[in-house]
Amino acid sequence: MTPADITEAGDPLSAAALEARGLGKRYGRGWALRDCSFRLPAGRICGLVGPNGAGKSTLLGLAARLVAPTEGELRVFGVPVDDPAAMPRYAFLSQDKPLFKRFTVAETLRMGAELNPGWDMAAAERIVRAGPVPMDARVGTLSGGQRTRVAFALAFGKRPDLLLLDEPMADLDPVARDEMSSLLLSEAVERGTTVVMSSHMLAELEDMCDFLLVIADGRLRMAGDTDELVPAHALVTGLAPDGKPPADLSPHTVVEFRVSGRQFRALLRPHGPLAPDWEVSEPSLEEVLLAHLRSPGTEPLFTRAARIEAEGINAA
Amino acid sequence: MSTTVQTDGPRTGKSAKRPGLLHGVTWLVARQHRTALWLIGAATLLGAAMIVYQRGEMVSMLDRLGWPGKDVRLPSDPEGFQYMSGVLGGLPVILGVFLGAPLIAGDQEQGTAQLVTTQSVPRRRWLAAKLIGCLSVVLVSTAVLGALFTWWWEPYREALPAEWLQGEVFDSTGPMPTALSLFLTTCGIAIGMLLRRVVPAMMVTFLFSMAVELAWSEVRGRLATPRLFTYPLNADSPAFLDQAVESDRWIGTADGQLFGWGTCAEQTERATNACIKEHGIVNNVIEYFGYDQMPGMQWTGAGLLLGGTAVVAVFILWWATRRPL
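Chains as they are written, first to last, in the working numbering: chain A, 2 to 317; chain B, 3 to 327.
One or more of the hints may lead you astray.
Simulated restraints on C-beta separations [stated by the list, open to error]:
(1) A:P297 with B:V201: 33 to 41 angstroms
(2) A:S285 with B:V201: 29 to 37 angstroms
(3) A:D228 with B:G113: 34 to 42 angstroms
(4) A:P274 with B:R325: 52 to 60 angstroms
(5) A:G31 with B:A226: 37 to 45 angstroms
(6) B:A51 with A:K102: 30 to 38 angstroms
(7) A:V80 with B:G43: 57 to 65 angstroms
(8) A:E287 with B:M205: 48 to 56 angstroms
(9) A:G31 with B:L216: 36 to 44 angstroms
With the C-beta cut set under 7 angstroms, the calculated list includes, among others, these residues of chain B facing chain A [said to hold, decoys possible]:
(10) G26
(11) V54
(12) Q56
(13) Q110
(14) G113
(15) Q116
(16) Q121
(17) W321
(18) T323
(19) R325
These aren't lab readings, by the way, just hints derived from the structure by calculation.
None of these values were measured; they are calculated from a predicted model.
Using N, Cα and C, we set each Cβ at its ideal position, and we do this for glycine too.
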């Protein structure tokens, strides 16, 4: 049906870093996340996008065992997330990056060594020393950037196969941010670590991510490879004399439709040929994401790599 | 992009045996609570030293008074004795509020619970290490102080006016300080875990401890059945009753009928005698706890509290296994 169907996406049998089926979490009366089913193939750098309160942190918390699901299941590399065997496989970093403030940096790394069977002290020390962060300094006396570096060292020293990042760089200045991004990318690429990171910086996501999960209102709106999701959309400009969507638009999925004067501009997922009198261009990732975040009601779009089974998803 | 899903073989940097005695979660718990550990250790030593010193003071005072040769009965407990029994009585509450309540709530509030539970160790193992560490410290510290206080009071109990069933003696000697402390500390830990905030947890633990202390003062007198002893109305009470704690007293007739102690308390002796004659009263009847019942009562009470401690500790681990902190 969608262009994504035709493309050769990843082999569905290859290992999935994350696999959710009907995942949901309810707080009190409201659902923070609902009917969430997707597959994240291993080795991807995945951006998690959505407005505040959309359920991004809930999804990451579910993956890090910090939140218990109300319904559904989540697997990390095929292991149910509530099985302790899944614990060495992932590392989690949240925005506030909690550390023991009275520990020295060396003691913080020793904690990593004591609590993780596959600890890589050499890698952790390398990340800290590149800071440069003094090993005998108390964590409470470090600057925000230095503390983030220690938290990253703790996360990478665990040698995770999956790195879960909940806006870890939101409180950093631009220099520290740039430093951490390149550290993250180089470490992840070198080891083939799968990364899931939530962020509000769309430009940052465009540079770093090759996979996307878009969440709004507690539901998954879009999931898949960046280079398949973007071409699945077209940005068209045409005449709308009466200010209403022209009839030619109806075969396509219209994500966003805006009128200015006699002209309309629409972001759509084409199904079949587009009207010849329209001006068609390929949108940027940022335009696609913004359009979806502004119109959360659009029918969800999943590329093949993100699907767990064809029927289960499209019905969502 | 390469996909390294399974990292097999030895991971580099996996160090050989690290120095030190403690490893894993035990090391973490000891390191995190190092300051509290030193404080409790120092306070225990200070308390022990004070008991030894104050006991010495009291012994030399009793020597000067000629005890035990002379029958000395101090008009009131020595100040140091009152002070130390007050400290020992307050210790369970202090430990519950300042050690128990923040133990898990502190990590929840600071976010370090999130840090530790996203390493490779299951929550339950970490919490078990915390519980065992914390309760062992409480056990050792209160057992030392309780034993020393018993060593102070027990040999000199006949010279001291405090009755053994009073809270200041009963709850400060033998197994009682330990049992009360373990129970209230564990309850504080559970309250902290459920409230997830340090200050509210400390306040609720304090109120809870007050309620427990209040209930405990009711329970104390029910830990054993009091005995009855009957002796003639005009006779002196027998010597063995000196160490007993009287819980009630009646006057009774020859056939066992009992009247309240004040039944015949009349204005004049004549009226009193008439009343006694009229009711046919010939005996004093006394209900008392013998001193030999004290260890049994203390261990029964300690057993109840330790049972409660075990139930709450199991609840904490069960809760943490079932759901994230």
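Here is what the structure says about each hint:
Judged by the Cβ atoms, the range 33 to 41 angstroms given for P297 of chain A and V201 of chain B holds: they are separated by roughly 40 angstroms. For S285 of chain A and V201 of chain B, the Cβ-Cβ distance of about 50 angstroms falls outside the hinted range of 29 to 37 angstroms, so the restraint is violated. Our hint of 34 to 42 angstroms for D228 of chain A and G113 of chain B holds, since their Cβ atoms are close to 37 angstroms apart. For P274 of chain A and R325 of chain B, the hinted distance range of 52 to 60 angstroms is satisfied, since their beta carbons lie about 54 angstroms from each other.
Evaluation of the 37 to 45 angstroms hint for G31 of chain A and A226 of chain B yields a failure: the beta carbon distance comes to about 56 angstroms. Roughly 33 angstroms separates the CB atoms of A51 of chain B and K102 of chain A, a value that falls within the hinted 30 to 38 angstroms. Between V80 of chain A and G43 of chain B the beta carbon distance is about 43 angstroms. The supplied range of 57 to 65 angstroms is therefore violated. At roughly 50 angstroms, the beta-carbon separation of E287 of chain A and M205 of chain B lies within the given 48 to 56 angstroms, and the hint holds.
Remark: the range hint 36 to 44 angstroms for G31 of chain A to L216 of chain B is upheld by a beta-carbon distance near 41 angstroms. Interface restraint check for G26 of chain B: the shortest CB-CB distance to chain A comes to about 5 angstroms, inside 7 angstroms, so the restraint holds. The beta carbon of V54 of chain B is not positioned within 7 angstroms of any beta carbon in chain A (closest approach about 34 angstroms), and the interface hint is therefore violated. Interface hint status for Q56 of chain B: violated, as the beta-carbon distance to the closest one in chain A is roughly 36 angstroms, over 7 angstroms.
For Q110 of chain B, the interface hint is violated, since its Cβ never comes within 7 angstroms of a Cβ in chain A; the closest pair sits about 10 angstroms apart. About 3 angstroms separates the beta-carbon of G113 of chain B from the nearest beta-carbon of chain A, less than 7 angstroms, and the hint is met. With a least beta-carbon distance of about 6 angstroms to chain A, the hint placing Q116 of chain B at the interface is held under the 7 angstroms criterion. Residue-level restraint check for Q121 of chain B holds (minimum Cβ-Cβ distance to chain A is 4 angstroms; threshold 7 angstroms).
Nearest Cβ of chain A to the Cβ of W321 of chain B: about 12 angstroms, over the 7 angstroms cut. The hint is violated. A least Cβ separation of about 10 angstroms between T323 of chain B and chain A goes past the 7 angstroms threshold, and the interface hint is therefore violated. A least Cβ separation of about 5 angstroms between R325 of chain B and chain A falls short of the 7 angstroms threshold, and the interface hint therefore holds.
Hints 2, 5, 7, 11, 12, 13, 17, 18 from the earlier list are contradicted by this structure; the remaining hints agree with it.
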